[in-house]
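**Student:** Which chain is which? The protein sequence lines are A and B, in order.
If you use this note's numbering, the first sequence corresponds to residues 1 to 284, in order.
If you use this note's numbering, the second sequence corresponds to residues 1001 to 1259, in order.
You may find that some hints are simply not true.
Taking CB as the label site, the calculated pair distances span [what the hints assert, rightly or not]:
| no. | chain 1 | residue 1 | chain 2 | residue 2 | range |
| --- | --- | --- | --- | --- | --- |
| 1 | A | 115 | B | 1107 | 33 to 41 angstroms |
| 2 | B | 1139 | A | 31 | 27 to 35 angstroms |
| 3 | A | 184 | B | 1042 | 37 to 45 angstroms |
| 4 | B | 1245 | A | 112 | 51 to 59 angstroms |
| 5 | B | 1061 | A | 175 | 17 to 25 angstroms |
Some chain A residues judged to face chain B by a derived CB distance under 10 angstroms, without partners named [stated by the list, open to error]:
| no. | residue |
| --- | --- |
| 6 | 177 |
| 7 | 178 |
| 8 | 181 |
| 9 | 182 |
| 10 | 187 |
| 11 | 198 |
| 12 | 235 |
| 13 | 274 |
Selected chain A positions facing chain B (in silico; Cβ < 10 angstroms) [stated by the list, open to error]:
| no. | residue |
| --- | --- |
| 14 | 86 |
| 15 | 125 |
| 16 | 195 |
Hints in this document: simulated from the structure, not taken from any laboratory.
Glycine included, every Cβ here is placed at the ideal spot set by N, Cα and C.
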Amino acid sequence: MTDPGFVAPRSRFSRPQGDRTRSWGGNRATRLVPPLLVAVGVLALWELTITVFQIQEFLLPKPSTIVSTLFAELGVILRAAAFTLRSVLGGLLLGAGAGFLVALTTSRFSYVTEASVPLAAAINSTPIVALAPIANQWFGITDPLSKIFVVAVIVFFPVMINVTKGLISVEPSQLELLRSYAASPRQVVFKARLPNALPYLFNGLKVAASLSVIAAVVAEYFGGPREALGVYISQQAALFHFAEAWAAIVVASAIGLALFGFVTLAERLVMLVMPWQVAFREGE
Amino acid sequence: MIVVDIRSVDKTFNAGRTGEVTALTGIDLAIEPGEFVTLLGPSGCGKSTLLRLIGDLAAPTSGTVAVNGKPPGRARRDRDYGMVFQAPTLFDWRTVIRNVVLPLELAGRSRSEAQAKALEMLELVGLREFAGHHPWQLSGGMQQRVAIARALTFEPALLLMDEPLGALDEMTREKLQGELLRIWSETGTTVVFVTHSISEAVFLSNRVVVMSARPGRIVGIVPVELPYPRDINTREAPAYFAKVTEVRELLRGSEVASR
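Given only the sequences and the hints, what does the whole structure look like? Please build it.
**Tutor:** This is the structure we're talking about:
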């Protein structure tokens, strides 16, 4: 892929009654076992290494210490997480919504698309999070809008690029078919372009979900209200309270994973209603 | 009344620019109601382009095309024809029935009416029990039958088929040729069928329009008087072989002439 942030949709949805579906070994539950075993192994090794080599806890706390600190500080960390989550969700909604609408508008004019997609791809590969100090100046350091803005800008590009690709990559023969049935431009969008763009939208949203948490936390490193995950992490680290910092990092990761899981779940649900599968065509 | 009336049509791509290609030149063709006419020729002879001119997917550079006495654009908006392409061109996310319903849905027909009509057409192509399946769960031949059912939902006066069986294996192909003739006789629709298979053209058509390449033109129109219904016995009849030979020699003669 030459475009950063663009992930080609895969047709990995398979229905049990399908003729050409294959199971990739085992059901979902048994497929979860190997990664879980690896995770448990890594944590155990981490714990063991620190105990055996007597590594100073302020350099790298034990997983058990991080967990116990997390529960000790749960109230403060969760309040901070709730604040950060609001910025993440607000930014996601704004950025993804704007990305979707811009894609929908520009894809109607091929010359605009040809100009805007490479530009968007270029901007997408720059460190947009560096905007954070400027956003703080614009909206005020403690105003949630300064974080929402950074998240929205970062989320905008992968969503816009992916949705545009999905809208314009409709098979020419499908467009000709719709033309032969005298479909209106509006019908072409609703019957062919939007359904075709849905898997691309979800791929964009998956990229956006991971980026949004990174964007919010890093933006908060540049300053924000005391009750924000990024501010909490940087302050605790500055005070050598590494167990607290790690506990907050664990929560930030959990938010990212949860958002990614939520998008995946939404995709599955939509696929139950509209199962895409790249058509199997003989002789092609 | 003549269903398709083509008069001294030329089609040039990239006219006046580099890469200018004369796809068709001096085409005259009239197709009567209820006829099964095949456009036959080697690749590059413009047979698909000619079909696209009839279907208003392209416009002639000069000359006129009339469908049911109207310009093709008018006929298209009046939904006078159904189209079947080489690829089934089904929408993967729609079930078979919802694919067949699509043309009626686009025309704003009521759901129940569209549903009933689509089931009737699926019955006609023998796929009624697959209404709830998705296209990717069907074989290539079944997918193409769905495409044919979809093209028939309007009971179009004109069915335009661009190598619809070209991607299928020989056995499926012969079976679908038989089915197509049955559907044609049951619906009485006019069919314009593009192929590069001589035997397919002779087996199916009332008339074979033989075309040649560079530039695309009609070198002869061969009437096929073999009686309908045609079946496996037709394929083994001496009269059938004689026709195949006649068409083949016409094609070869045009090739020699253009060298």
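**Student:** All the hints need checking, so say for each whether the structure fits it.
**Tutor:** Hint check:
no. : hint                                : result
1   : A:115 to B:1107: 33 to 41 angstroms : holds, 36 angstroms
2   : B:1139 to A:31: 27 to 35 angstroms  : holds, 30 angstroms
3   : A:184 to B:1042: 37 to 45 angstroms : holds, 38 angstroms
4   : B:1245 to A:112: 51 to 59 angstroms : holds, 57 angstroms
5   : B:1061 to A:175: 17 to 25 angstroms : holds, 23 angstroms
6   : 177                                 : holds, 5 angstroms
7   : 178                                 : holds, 7 angstroms
8   : 181                                 : holds, 5 angstroms
9   : 182                                 : holds, 5 angstroms
10  : 187                                 : holds, 6 angstroms
11  : 198                                 : holds, 8 angstroms
12  : 235                                 : violated, 50 angstroms
13  : 274                                 : holds, 4 angstroms
14  : 86                                  : violated, 35 angstroms
15  : 125                                 : violated, 32 angstroms
16  : 195                                 : holds, 5 angstroms
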